[in-house]
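Student: Mind docking chain B on chain A? Use the hints.
One line per chain: the protein sequences are A and B, in this order.
Counting from 1 along the first sequence, just add 205 to a position and that's the residue number in the numbering used here.
Counting from 1 along the second sequence, just add 120 to a position and that's the residue number in the numbering used here.
Where hints are given, some of them may not hold.
[Claimed, not checked] Per the computed footprint, the stretches of chain B lying under chain A, defined by three or more beta-carbons under 8 Å from a beta-carbon of chain A, are: (1) 377-390; (2) 471-485.
[As the list claims (entries may be wrong)] To list a few chain B residues with every Cβ distance to chain A over 12 Å, as calculated: (3) 167; (4) 171; (5) 243; (6) 262; (7) 393; (8) 495; (9) 534.
Derived from the structure by calculation, the hints contain no laboratory data.
Cβ atoms here follow ideal geometry from the backbone N, Cα and C, with glycine treated the same way.
Okay, here's what each chain looks like letter by letter:
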Amino acid sequence: MLENSFGHPPVLHAQNLYRSFGATTALNGVSLEISLGESLAIMGPSGSGKSTLLHALAGIELPDAGTLLLNLPGQPPLNVQELSDRARTKLRRGSFGFVFQSGLLIPELTAEENVAMSLMINGVPRAAAIAQADQALIALGLAGMEQRRMGQLSGGQMQRVAIARAQVTGAMVVFADEPTGALDSATGAEVLETLLDCTVGQGKSLVMVTHDPSVAAQCDRVVKLHDGQLISDSRRGTSVSGGDVR
Amino acid sequence: MNILHFAWLLGRPAKTRLAPQVLTVSAYALVSAVMLIVLGGAYSFTRFEAEAQGTYLPLAGFAVVLLIVPLMVLGSAAARLSARSNDRALSSLRLLGATGSQIRSVAILQASGTALVGALAGVLLYLACAPLASLISFQGSPIGTAIYLPVWVLVAAVFAVVGLSAISAAVGLRKLMITPLAVATRRSVPVPRWIRAAITVGSILVLSLLFTNLSQVAQSIAVVLIVILGGFGLGMLILNLVGPYLVSKVAQSKLKKAQTPQQLLAARMILENPAESWRQVSGVAMASFVAVIGGSGAAMMNATSAQEATNTWYDYLPADVLTGVLLTLAITFICVAASSAITQSASTLDNAELYSGLHRLGMDWGTMNAARVKSLMVPALAASIAFAIASTLLVLPLAGMAVIFSPLTVLTVIVAVLLGLVLVRISITVAEPARLLASRE
Numbered sequence: 206m207l208e209n210s211f212g213h214p215p216v217l218h219a220q221n222l223y224r225s226f227g228a229t230t231a232l233n234g235v236s237l238e239i240s241l242g243e244s245l246a247i248m249g250p251s252g253s254g255k256s257t258l259l260h261a262l263a264g265i266e267l268p269d270a271g272t273l274l275l276n277l278p279g280q281p282p283l284n285v286q287e288l289s290d291r292a293r294t295k296l297r298r299g300s301f302g303f304v305f306q307s308g309l310l311i312p313e314l315t316a317e318e319n320v321a322m323s324l325m326i327n328g329v330p331r332a333a334a335i336a337q338a339d340q341a342l343i344a345l346g347l348a349g350m351e352q353r354r355m356g357q358l359s360g361g362q363m364q365r366v367a368i369a370r371a372q373v374t375g376a377m378v379v380f381a382d383e384p385t386g387a388l389d390s391a392t393g394a395e396v397l398e399t400l401l402d403c404t405v406g407q408g409k410s411l412v413m414v415t416h417d418p419s420v421a422a423q424c425d426r427v428v429k430l431h432d433g434q435l436i437s438d439s440r441r442g443t444s445v446s447g448g449d450v451r
Numbered sequence: 121m122n123i124l125h126f127a128w129l130l131g132r133p134a135k136t137r138l139a140p141q142v143l144t145v146s147a148y149a150l151v152s153a154v155m156l157i158v159l160g161g162a163y164s165f166t167r168f169e170a171e172a173q174g175t176y177l178p179l180a181g182f183a184v185v186l187l188i189v190p191l192m193v194l195g196s197a198a199a200r201l202s203a204r205s206n207d208r209a210l211s212s213l214r215l216l217g218a219t220g221s222q223i224r225s226v227a228i229l230q231a232s233g234t235a236l237v238g239a240l241a242g243v244l245l246y247l248a249c250a251p252l253a254s255l256i257s258f259q260g261s262p263i264g265t266a267i268y269l270p271v272w273v274l275v276a277a278v279f280a281v282v283g284l285s286a287i288s289a290a291v292g293l294r295k296l297m298i299t300p301l302a303v304a305t306r307r308s309v310p311v312p313r314w315i316r317a318a319i320t321v322g323s324i325l326v327l328s329l330l331f332t333n334l335s336q337v338a339q340s341i342a343v344v345l346i347v348i349l350g351g352f353g354l355g356m357l358i359l360n361l362v363g364p365y366l367v368s369k370v371a372q373s374k375l376k377k378a379q380t381p382q383q384l385l386a387a388r389m390i391l392e393n394p395a396e397s398w399r400q401v402s403g404v405a406m407a408s409f410v411a412v413i414g415g416s417g418a419a420m421m422n423a424t425s426a427q428e429a430t431n432t433w434y435d436y437l438p439a440d441v442l443t444g445v446l447l448t449l450a451i452t453f454i455c456v457a458a459s460s461a462i463t464q465s466a467s468t469l470d471n472a473e474l475y476s477g478l479h480r481l482g483m484d485w486g487t488m489n490a491a492r493v494k495s496l497m498v499p500a501l502a503a504s505i506a507f508a509i510a511s512t513l514l515v516l517p518l519a520g521m522a523v524i525f526s527p528l529t530v531l532t533v534i535v536a537v538l539l540g541l542v543l544v545r546i547s548i549t550v551a552e553p554a555r556l557l558a559s560r561e
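Chain A with its partners taken away, still in its complex shape:
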């Protein structure tokens, strides 16, 4: 297997992704490799295509053109474009984790049920799923809050529940869209630290969209988009720009 400059085999390999919405081009020939254990921040101004790229990499939306290969350890490589909607849904719930700005937690459920839900969808019996969910919540500092509903938790606590949900299935790639965007700076820093610990800290990959340079600076690598094109790709200490970006 090929290795990239990060020193790990790429878990995601996107090549020449194109996506347009009517007359607007959201992705214009984006190519990107993401390694296992790597944290990657996607930055750029509003409308630059950040979220579209995240959605394409996560198999939420298919690009109009281009290829996306998924190379998970111990599994045969997958061409995500060739998967049906149902298969991509299954892929997302089994192999990927998500932490979005709004949390997307189900308000009717308790914290432990929200986390357990992702396991139950994958066929884990309820009792076992609840036990694993409780462990994950306790590990993230939410002991005693397992039975609380979303309205009874603070913004930071809700994001920790979302992180617990994203990692409890053992997903090797976690996608985050402005995970600290709705939090104050102190809480945001705590949540980011937790997110990095739960992903790259455990050998998993983290792909994160952010506006915040201080958040991006915590990642191993930062890519910048402008008008759907990748204009820079910098790792800590190095920087590649324009057409050299891969």
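Tutor: Structure of chain B alone, referenced to chain A:
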């Protein structure tokens, strides 16, 4: 701000909100047509002899009254659906400086406009269905042209539907917060009081005792009718006391047993607001009452009249009561189905962002839909079964004798209830998240 102008701008037909608009107008059309047919049927009774009118007209009036509750529920749900399908526009108006009452006026006008279109379509639907309805037989002969109502009644009915929808829209909108940033539904977690349930159970026992004694002296059709109407009225009073408690108890039991994501989610959705869950299915409980009490009465009258023909209008009463019971069941279920479709669609739009987000996270549309369906059908079945049992207890000797002496009548009523539940289940397919949210995008 010209409120009428904004109401038209936001409420006029548009591709992006076509599904909720068509749904709401169709529901209003259906309920209006049903109401007009019931009124037409009632109107046709005025040609009966005076003594017969004395029995038939109150029963028909009773059926019309039964329609008001689902119509109000429908109006409230339609207003919320209308506001929900316009949430971005209404929020933007707030941001531009419109006051909350101006926005509510716009939303109520929209709901009234939708109700007006629906009611007018309902008149057409009534005229189209009238030839079929005219074949229904009372007093041994078809209703015939008497089903056609005078024009002034049609006009009054249209105004009544619009007025009721406006009132219930105003009530329904109190549950929505239209802020400059978003439209949100007020959430609360009411705790059903067990004391209510205890009082209700006590009342049922007392009433059951009372009716046991009454039925012993019920030697004439008139007394049987009193038993039927009295049982129904008291049953209706109890219904709304015990309903939310029953729904929350059933959901708690389902929560304990839940093994799949959809079972867990459905139970939690019900427990989120048992009173609201109950409100959606209270018509089903009402149908159970009509079925058991009316059905038992019809069966018993059937058995009694078979023995002693009087060659008067009395001879037709048992068959006519059964016809009335079946028609009432059909009407009730049509109304419940229409309001369920609307309420569920409003709920799907309420949770649009969450549903789409959960799908992005990897939850199948099917799982979300199954949870939504269960959250309606579990209370519906619970209401149907529990209130069938409760009303059987109320008129136990009558119901017991009905099964023995006229099993076919009882079976007919049971089949009608089952068909009604199937109708409700089919009606809520219009609110499937994948379908409704796709049409919105």
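Student: Hints first: check each against the structure and report whether it holds.
Tutor: Hint check:
1. Counting residues of the segment 377-390 of chain B whose beta carbon lies closer than 8 Å to any beta carbon of chain A gives 8, which meets the minimum of three for the stated coverage.
2. Coverage of a stretch by a chain is defined here by at least three residues with a beta carbon nearer than 8 Å to that chain's beta carbons; for the segment 471-485 of chain B and chain A the count is 10, and the condition holds.
3. Listed as outside the interface, residue 167 of chain B is consistent with that label: its C-beta sits roughly 54 Å from the nearest C-beta of chain A, beyond the 12 Å cut-off.
4. No Cβ of chain A approaches the Cβ of residue 171 of chain B within 12 Å, the least distance being about 56 Å, so the stated non-interface status holds.
5. No Cβ of chain A approaches the Cβ of residue 243 of chain B within 12 Å, the least distance being about 41 Å, so the stated non-interface status holds.
6. Distance to chain A confirms residue 262 of chain B as a non-interface residue, since its nearest Cβ pair spans about 51 Å, more than 12 Å.
7. Taking the minimum C-beta to C-beta distance to chain A, about 9 Å, the non-interface status of residue 393 of chain B is violated against the 12 Å cut.
8. Not every beta carbon of chain A lies more than 12 Å from that of residue 495 of chain B, the smallest distance being close to 9 Å; the non-interface claim is violated.
9. Every C-beta of chain A lies more than 12 Å from that of residue 534 of chain B, the closest at about 34 Å, which supports listing it as non-interface.
The earlier numbered hints that this structure contradicts are 7, 8.
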